[in-house]
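Trainee: Just so you know, the sequences run in chain order A and B.
The first sequence runs 1 to 332 under this note's numbering.
The second sequence runs 1 to 297 under this note's numbering.
Don't take each hint at face value.
Said to hold, decoys possible - Simulated coverage check for chain B against chain A, where a stretch passes if three residues somewhere in it have a Cβ under 8 Å from a Cβ of chain A: (1) 65 to 75; (2) 94 to 107; (3) 233 to 245; (4) 267 to 281.
For the record, the hints were derived by calculation from the structure and aren't laboratory data.
Cβ atoms here follow ideal geometry from the backbone N, Cα and C, with glycine treated the same way.
The residues making up each chain are set out below.
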Amino acid sequence: MKINLKMMIPLIIFLLIFPTVASLVFPNVNNYVVLLMFNIIMYSTMGTAWYIIGGLARQISWAHAAFFAVGAYSTMIAYQRFGLTPWLGIVAGMGIAALLALIIGFASFKLHGVFFSLSTIAFGQIFYRFLHLFGEYTGGASGLIMRKSTESSFINLQFAKNDSYYYLLLAVFVITYIICKLVENSRIGYCLKAIKENEIAAESLGIKPYEIKLKAFIISAVLTSIVGSIFAVRFKFIDPASVASHDLAIRIGMTVIVGGLASTEGPIIGAFIMVPLLELTNAFFGNVLNGGLSQTLYGVVLVLIVIFMPNGVLSLIKSKTKRLKYGKNTLS
Amino acid sequence: MSGFIQVIINGVLIGGVYSLIAVGLNLIFGVMGIINFAHCDFLMLGMYFTYSLSTLFINMMSGAAVYGLIIPVAIIMFIIGVVFYITMIKPLIGRDIVSYVLLTVGLSYVIQNIAQIFWTASPVSINTTIKSQSIYLESVDLVFPLAKLIAFCIALVIVFAISYLLNKTDLGRAIRATSESTEVASYLGVNPGRSYLIAFGLGIMFAGIAGILLSPVYSIYPRIGTTFATTIFAIVVIGGLGQIKGAMLAGLLVGIVENIVGSYFALDLAPIAVFTLFILVMLLKPAGLFGSQTRKA
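Use the sequences and the hints to build the structure in full.
Mentor: This is the structure:
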């Protein structure tokens, strides 16, 4: 199987040298700039994972915050409560996320379209409440704090420099992207695309939509949980509102929809637009008009994107390049 | 025993208002097939309009006068709904369902934060004597909080009125026909655009009225809508799409379930119970607990 990573190599090189360049170009604010890029990569990775089920099969899931939270909490609890290495937490998180995806998917994939989406909202909410209910382990609404280690240790994923977490996340991003591409070009990927076009027709060709969707959902969930684990070791604080909320679930899906649901570049473009947009509006208008203006602008941009770019920002870029290549008439 | 009945009564009273919000969402969901993620933010707007109008006419606001604002607020909300429909929803008709998600989520941010611009993020509450009053029936040892009781009664009246409108008038028949099949309805001379417009306007108006009814009960802040949003989705599906009576009964049911679980087990278990019920209904009775026809999609 051949995967075309050509488009990705410049991006990955750019992301690799980014912290170094940032420290040269913005010596005073380089931490902030790298953090911003960290968030962009985080949303790109989650978006890419989400794309496996939301883009390839067009099953719009609003449960992905739960998988993110599973990764974050597993890592945090393993390290903080049981003194285990976060690596074990990551693995445990992946296992639990797979199990959770199996449960959620088992019920939700019996439903279609909007009802599937609503069902994932319900599961997301149930999971969110469970985090509060088992406050003994999860710290309830006040969350969990990871103690800062004095020495850097790869085994304990404790680094003195925040840049190290950046590279760790970048590695996860590249792995996620490659897995996404592998899935897309595998039998599962083709089946998912067939399901997206017409589930009944796909079924008549011998595809088992239920099983295929479930598999894709599990892969997507496991990848999302890894990002959650990285989030926990990087920020050292998690609570249900920051890692398991309905808001986060919406944001993950929205990033991909804004970028475009039609290709694996969609989530990345979406993240490169949405994360800086929120940061910029917050930075410039954060304190203007009772703090309401920044998010208003954010919402307005969303509305404008959906009205004027029905298939995401990616479609705009693609149609422009197509027009350049083949002339205007191909765009009908 | 009277404790248990009291819990049921509390559930029914709040359930009545849930019903009203759910009926509005059901209209939009049933007729246009879109999930309106911003629905409960319109409820929040209704609450703030009530708050602002009540501070304007501070002397009027003794006792039950706050309910006199229903008509002006309802009219404002209907107009807002129509304006939103024409400027934003209409250009998207015929698009993928994903477009509506993005649109309504974006709208939800916009509405919440515009509210924050005008009224700040700190909670406010309406200054009316009604919120502390309640009716106590000594013979059966039951308490009826007055604000909730009035909210319940008004919600019930409106739900019956809309039910009448949908079932007995030409306009209602046109709306129902559009919700069953836009294409066939348009062959039969129904203007689907008009049905959409009215359904959307009415849906938003009901959210606004629910906002008035709840404003003496809760304190008001820009994100209050999000506390209701997912529960209302659950009610709409439990009741069955396009089922006004279903949405009403489901609203009451959810109110009761929430209160029983919340009072006897744990407060955090209440939403879990509601959403579990929601998932079970979707899986076992896809047409909704009170629906008769089979569900589309």
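Trainee: All hints are to be evaluated individually against the structure, with a verdict given for each.
Mentor: We went through each hint and held it up to the structure:
1. With 0 residues having a beta carbon nearer than 8 Å to a beta carbon of chain A, the segment 65 to 75 of chain B misses the requirement of three or more and the stated coverage is violated.
2. Only residues whose C-beta sits within less than 8 Å of a C-beta in chain A count toward coverage, and the segment 94 to 107 of chain B has 11 of them, enough to reach three; the restraint holds.
3. With 3 residues carrying a beta carbon less than 8 Å from a beta carbon of chain A, the segment 233 to 245 of chain B meets the three-residue requirement, and the given coverage holds.
4. Only residues whose C-beta sits within less than 8 Å of a C-beta in chain A count toward coverage, and the segment 267 to 281 of chain B has 8 of them, enough to reach three; the restraint holds.
Going through the hint list in order, the structure does not satisfy hint 1, though it satisfies all others.
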